[in-house]
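Participant: I would like the entire structure built from these sequences, with the hints used as guidance.
The opening residue of the sequence shown carries number 1 in the numbering used here; numbering runs sequentially from there.
Honestly, the hints are just simulated from the structure, not real lab data.
Some hints could be false.
Distance ranges between label pairs, derived from CB positions [claimed, not checked]: (1) E35 x R71: 14 to 24 Å; (2) E19 x R71: 21 to 31 Å; (3) F96 x L187: 18 to 28 Å; (4) A127 x D175: 26 to 36 Å; (5) E182 x T16: 35 to 45 Å; (6) A122 x R189: 31 to 41 Å.
25 Å max Cα-Cα, derived SDA-like pairs, lysine to any residue [said to hold, decoys possible]: (7) K46 x E35; (8) K46 x I167; (9) K106 x R23; (10) K46 x Y103; (11) K106 x M148; (12) K46 x M148; (13) K106 x F38; (14) K46 x R74; (15) K46 x L104; (16) K46 x A91.
For each residue, glycine too, the CB sits at the ideal point set by N, CA and C.
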Amino acid sequence: MSSDRLTILAVDDEHTQLEDLARLLRSFSGVHEVECAFGGHDALLKASSQGYDAIFLDVRMPDLDGLELGRVLRRFASPPQLVFVSAHDTAAVDAFELRAVDYLRKPVSRQRLEEALDRVVAAVEAAEGPAERNGRRARSHPAAESEMIAVSGARAGSTRLINRGSILYVQSHGDFVRIITEDGRYLLRTTLN
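Facilitator: Shown next as structure tokens:
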């Protein structure tokens with residue numbers, strides 16, 4: 001693995017599996033930060049507000065499965081590298097059609113995880129230009145007109161994607177931000193700071 005330090009999001013709907021994967025990822029020196037998301041909707045919200053080098057995601061999740069999430073993430077202006085993690089190999093072909101860099105079987109071994117991280121580093125370096133390789137982290141995520149962001153929907157637990165270019169204006173309301181588009185109003189639990 002390269003000396004570049006990766007920022008990773010680990011996603012699973014089972015706490016024990018998520019904690020085990022995050023702990024194992026954090027044990028590698030090339031990994032700078034590992035954040036955790038409990039389920040697909042949580043992952044989508046986190047991924048739309050922060051850029052990650054890679055997302056390690058479970059395939060079978062009840063709210064938003066890993067393949068659906070992967071399809072959405074691929075539409076981001078600066079999509080993260082995807083590594084699918086599953087106890088089953090039935091979704092492997094679909095995962096690689098989404099240009100996944102690897103597909104890991106649970107329980108994940110340290111050796112296989114290291115191989116996956118090596119592939120992530122190679123893919124990140126191939127996707128970056130020379131300026132980004134020299135100044136690494138300059139790519140948090142650009143506000144491209146076509147970039148999609150995830151916002152909470154009107155129904156509890158629902159998430160909707162809106163095009164960043166369709167935002168008319170944003171209002172701050174304490175710990176929340178209201179986003180106004182031509183199609184409606186959306187509330188995010190975040191601040192403008």
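Participant: Each hint: holds or not?
Facilitator: These are the hints, each one checked on the structure:
no.	hint	verdict
1	E35 x R71: 14 to 24 Å	holds, 21 Å
2	E19 x R71: 21 to 31 Å	holds, 27 Å
3	F96 x L187: 18 to 28 Å	violated, 37 Å
4	A127 x D175: 26 to 36 Å	holds, 34 Å
5	E182 x T16: 35 to 45 Å	holds, 44 Å
6	A122 x R189: 31 to 41 Å	holds, 36 Å
7	K46 x E35	holds, 9 Å
8	K46 x I167	holds, 19 Å
9	K106 x R23	holds, 15 Å
10	K46 x Y103	holds, 22 Å
11	K106 x M148	violated, 31 Å
12	K46 x M148	holds, 13 Å
13	K106 x F38	holds, 17 Å
14	K46 x R74	holds, 15 Å
15	K46 x L104	holds, 22 Å
16	K46 x A91	holds, 24 Å
Going down the numbered hints, you'll see the structure goes against 3 and 11, while the others check out.
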